[in-house]
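Per the working numbering: the sequence shown = residues 1 to 316.
With a Cα cut of at most 25 Å, we get these calculated BS3-like pairs of lysine-lysine:
#1 Lys-267 x Lys-277
#2 Lys-277 x Lys-256
#3 Lys-277 x Lys-27
#4 Lys-113 x Lys-93
#5 Lys-267 x Lys-221
#6 Lys-256 x Lys-267
#7 Lys-225 x Lys-267
#8 Lys-107 x Lys-93
With beta-carbon atoms standing in for the labels, derived distance ranges:
#9 Lys-107 x Ala-133: 18 to 28 Å
#10 Glu-18 x Gly-233: 12 to 22 Å
#11 Val-204 x Leu-83: 54 to 64 Å
#12 Glu-18 x Leu-136: 34 to 44 Å
#13 Lys-93 x Ala-61: 31 to 41 Å
#14 Ile-22 x Gly-206: 43 to 53 Å
Please keep in mind that the hints were generated in silico from the structure rather than gathered at the bench. The structure displayed is predicted, hence computed values, not measured ones. By construction, the Cβ of each residue, glycine as well, lies at the ideal position given by its N, Cα and C atoms.
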Amino acid sequence: RPMAESKRPTDANTSIPEYEYIDVNTKPFHIGSFRDEWLARLQPQDFSVQQEDDDEETFDANFAAELGLGAETMAELKSACSLDSLRCHPEDKQLGTDVVPPNTRLKTLIQRKRKKERVRSHNLHKNRHDLYAEELERLTIGRPLEMGADRIPEGEVILTINVYYSGLSEKFNFIRPCLTLLMTGSHSLTELRDAICCVSDLQVCGEFSLTPGVAPEFISKDHFKSAFFFFEGVFYNDMRYPECQDISITTIEWAKAHNFPQFSQAKMEDTRFVDLKVKVGFPYLYCHQGDCEHLIIFTDVRFVLFAFHRTSLKQH
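With these hints in hand, go ahead and build the complete structure from the sequences.
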């Protein structure tokens with residue numbers, strides 16, 4: 001749903017995202033209420049994963065009735081939009097799909113041809129990121145899901161989350177996400193925390209000078225398990241393990257002593273994304289290992305329609 005600037009004042013608890021600053025970030029909105037708004041406005045068949053078993057004639061009749069078309073107009077429309085009408089070569093000639101025709105006028109083919117020529121002229125080789133992306137696409141995209149548990153439930157929302165390093169090196173002095181994640185509204189904040197990979201968690205504690213070849217038994221993530229997210233004045237602490245500590249209490253007490261607005265706390269493991277109130281495009285904080293900080297930005301929140309279930313986007 002496009003977010004348009006509103007001329008009337010809106011409640012901070014609104015379930016419809018509106019811009020606070022144009023093309024920058026929205027006002028705070030409740031993700032669960034945003035989902036409920038879609039559920040109230042859509043018909044069940046719009047987001048159902050069950051495909052209708054209507055035959056072609058029934059579909060044509062329903063389509064014509066919805067658009068108010070006559071039988072003759074519908075037949076003409078089917079003929080004009082048929083896949084056979086997309087042929088750009090004579091019927092008696094088979095067109096090769098591996099070679100781009102030299103005289104093509106299709107913009108997508110022109111761009112593809114330019115890209116191939118550029119790669120060929122520069123003798124470019126695919127790096128490990130390109131190879132990994134191709135392998136991931138080959139294993140997932142277009143593959144039907146066999147397990148029902150892997151399918152996203154009906155009436156779900158998808159959140160796109162960018163994770164940034166807090167510090168910028170001299171070589172890469174521009175802001176870019178180090179990780180982009182897709183999470184569902186039913187995921188908990190601990191699942192987001194576990195999905196974030198940081199080198200600080202992989203540090204080895206101890207002295208290994210005498211046994212440099214021995215694999216470490218523990219890493220920093222095993223020793224220092226405390227962490228928190230900070231969203232809209234609330235610290236969400238990870239308290240899943242007995243050794244976890246509330247590392248946000250120092251900030252809360254300091255803010256209280258200096259007359260800053262009062263912050264609240266909640267448990268990360270008890271909070272799902274549908275329980276959050278956030279701004280899209282606004283930077284939030286993830287802190288772990290005591291002083292390792294990351295920026296968290298929600299870049300997109302959308303309702304899952306039937307088209308999502310045709311892909312292999314998994315719940316986990």
